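Given next are the chains, with one letter for each unit.
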Amino acid sequence: MEKEPRPEKKHASLSGANKKENRQLNLMTLPTVIWYALFCYLPLFGIFFAFKNFTPVPGDSLVENLFVNSEWVGLQNFSYLFRNPQSVSVITNTLIYNAVFLVTGIVIPVTLAILLSEVHQKKFQGFVQMSLVLPYFISWVIVGYCVYGFLSTDTGLFNSVIKYFGGDPVQWYQSPQYWRTILIVLGIWKSTGYTLIIYLCSITTIDRTLYESAALDGAGFFQRVRYITLPHLRPTIATLFILGIGSLLNSDFGLFYQVPMDSGALTEVTQTLDVYVYKSLMVNANFSYSAAAAFLQSFVGCILLVISNMVIRRLDRDSALL
Amino acid sequence: MRIFKRIALLALAAALSLTAFSGCGDSENYGRDVIRLRWVTFSNSVPPDVKEVVKKANEYSAEKIGVVVDLEFQPSEMINLIMASGEYYDIIFTCSWLNNYNIAASRGMFYDITDIVQTASPELYKVIGEYWDAAELNGRYYGVPTLKDMGAEMMFRLNSTYYEEQKGMTIPESMKFEEIEPFLEVYKKDNPTKYPLAMDKSGIAGMTNFLEKIVGDYIVIPYEAETPEVMPIWENEEFMKRVRLLHKWYQLGYINPDAAAMENSAVAKDTPVRAGVAWRGYTGYSDPANWGFNVKLSLYDGPFISKSTEQGGMFAISAGCDQKHAEASLKYLELLNTDRTFRDILGYGIEGKHFKYLPNGTVMKTEEGSSGYQPSLFTTGPVTNASVLSISEDYLSDPDLWPKVFAGYKEYGIWSKAHGFIYDTKRKEDIVATLSAIWLNYYTDLITGTSDPDTVIPKMKSEMEKAGLNELMDDVKSELANHLAKYN
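Protein chains in written order, with numbering that gives the first Met the number 0: chain V, 0 to 321; chain A, 0 to 487.
It should be emphasised that the hints constitute simulated quantities derived from the structure, not laboratory data. Just so you know, not all the hints are guaranteed correct.
Derived Cβ-Cβ restraints for the label pairs, each shown as a range [said to hold, decoys possible]: (1) 252(V) with 137(A): 51 to 59 Å; (2) 67(V) with 137(A): 47 to 55 Å; (3) 96(A) with 103(V): 41 to 49 Å; (4) 76(A) with 35(V): 26 to 34 Å; (5) 50(A) with 35(V): 36 to 44 Å; (6) 175(A) with 297(V): 51 to 59 Å; (7) 483(A) with 73(V): 30 to 38 Å.
Just so we're clear, the structure is a prediction, and the values are computed from it rather than from any experiment. Virtual Cβ for every residue (Gly too), placed ideally from N, Cα, C.
Chain V with its partners taken away, still in its complex shape (with noise of 0.2 Å):
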């Protein structure tokens, strides 16, 4: 394999002209840097939380309460998130799911938006995006109803049909072996169009005349996608893999926890980490112990991050963040 040569660092001094653009720069940046500062940096010394008993003393302020009041604890405050037998599939619930998202999360829109933009009638095109886009605002709650609405036992449009039909009626929300699939189902109805967009508008980024003179050459519709198309997606794809990584052990509350409307049946495949530390704190409010499940996933997740953008770089430098 070739290796390009490194792009010489430029020593030389900026014009003045230079100079002037880049302090405005710079001042376009400056209220991104301070909402990071005050709501990313700031927060941070709350990491604290996961290693001490937070005691706070009534009417002292917080940060007296956190750093004088309260003890340190090691490692104590995470010990609830194993003692549980079921935190075994709890871990593995959260990672499959989110593994088949990556993937799905992926593909799915990869193949919508290059579909998409070989198609040449702009309202129609227009209409398919707006409505793969609607999901994405839809409230879990709310989705959580219209699916009960499919699903209810004795009133849902699922079990109307199957009854129609001469079958048994199917107690959904006892039925822990479709909700694998209904779950997977959703979260891609919910989330496809949104990424799509980001897909799409790489796509319109590509300079057409690569295709125009691709298609002279007697390329066809399958060789531009896979000589074109897909190389110039690649760096897009391969931040949002990233990024998805680095929330491999998050998982969307609503989706799993909403939807199912908390059916105790349905645990076995619904309980991922943020749906069982919600349950196990709802007894007791204990910043310390939810401090303790936020580190852990933020931890891994950073671990994870910084592991697969080390892979992509030696894969394919240019594709990755750092």
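Assemble chain A onto chain V, guided by the hints.
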């Protein structure tokens, strides 16, 4: 380095400390200097007209005692959060089932009012009387019990138009839990597509109240035992009998098939059998105009009285308060407990707009009151000092209901023998957190009859045992023994 640390801490403190409460400076509004209190109480929804009502109440209390409040209705998660984060408040709702009084008080979160309550609020001290026991912890008081129904009485609410007038059945004053079965059967026969015991995921109200809850809902002490014995709930035979019955009823189609997935109160209005937790003489379940039929109550459990039921509602003052605010809080609670006019404002709203007084001394809500200001009565002060609510002008309540209810507790109450035993879950918090998650996975299916207890409970039990149930049980048992030793 140290200086840097200190500066960093200070900067953090400045950036993060919650905005302080305002102490005074309301003189221009009320014509005199008043003390303003932050009063946090419990409600799942905020009444739309709360501002207007509190303004009216503040005018009244500013004139009488020079204290006004910012009343906040907060859901249980928020109250837990306010407590867990050490946020400032003056008065907060606490009880045995939310923001646990005994635990918070034993951790020093609440103001010790023992020494000031008699001087700052002598009338309040007199009114609460023997029920101060509910607030007693190691000989000190850290909160003010709310006088309301002090024991749990569980009842079925039956459609008497259907059962008694059409079917010629008799609804007894009280019945055993299982004796509801023939009523369910009759209705199901007449209406095969309907569910006589339709319910949501919260199950039959109060069905497990015959057990004193010690940890979550799953470690309990039965009331009837002579010597209090702590056990996992499935070792109680009455509980097992009930969940088995429920499962049978579920299979017979008496209970709606998706009960375990249904959120609160989505049950059809014509359901002929419902359950409720109230007290003898309560009329709130029975308005024929609301239901479209006559409702008759039949008691199936209780009244059970323990320290925990007596702590069904309380108000405590933050340990972060200075004495001035603590005394003002007590004065305010005193006014709520002694001045009926004032109590009715916070309980029912503005007279003429939200409610009106009926000739027999009870009150009736107006339409505007039912939509604009409808907090549960016990969340805004003592229930006994408020006027009794009548459902309609034709369906009047007894205005002197409460002395009778309280006399009833003495006469036929089933009193706990556990001497107010409370287990501090902080002792085994990680086990409790784990067990709670496991319990929640099975609980709704059990109490709605959806799952078969004889297959589910062994499974749940073994999971709980793996998660440390036995260790927790041992600790609870030894704590109980220690506690009981004090009384022998």
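These are the hints, each one checked on the structure:
The given range of 51 to 59 Å is broken by residue 252(V) and residue 137(A), whose C-beta atoms sit roughly 41 Å from each other. Here the CB-CB span from residue 67(V) to residue 137(A) is close to 26 Å, at odds with the stated 47 to 55 Å. The given range of 41 to 49 Å is respected by residue 96(A) and residue 103(V), whose C-beta atoms sit roughly 44 Å from each other. Between residue 76(A) and residue 35(V), the C-beta spacing of about 28 Å keeps the proposed range 26 to 34 Å intact.
At roughly 37 Å, the beta carbons of residue 50(A) and residue 35(V) sit within the given window of 36 to 44 Å. Here the CB-CB span from residue 175(A) to residue 297(V) is close to 54 Å, well matched to the stated 51 to 59 Å. The given range of 30 to 38 Å is respected by residue 483(A) and residue 73(V), whose C-beta atoms sit roughly 35 Å from each other.
Hint compliance for this structure: hints 1 and 2 are broken, all remaining hints hold.
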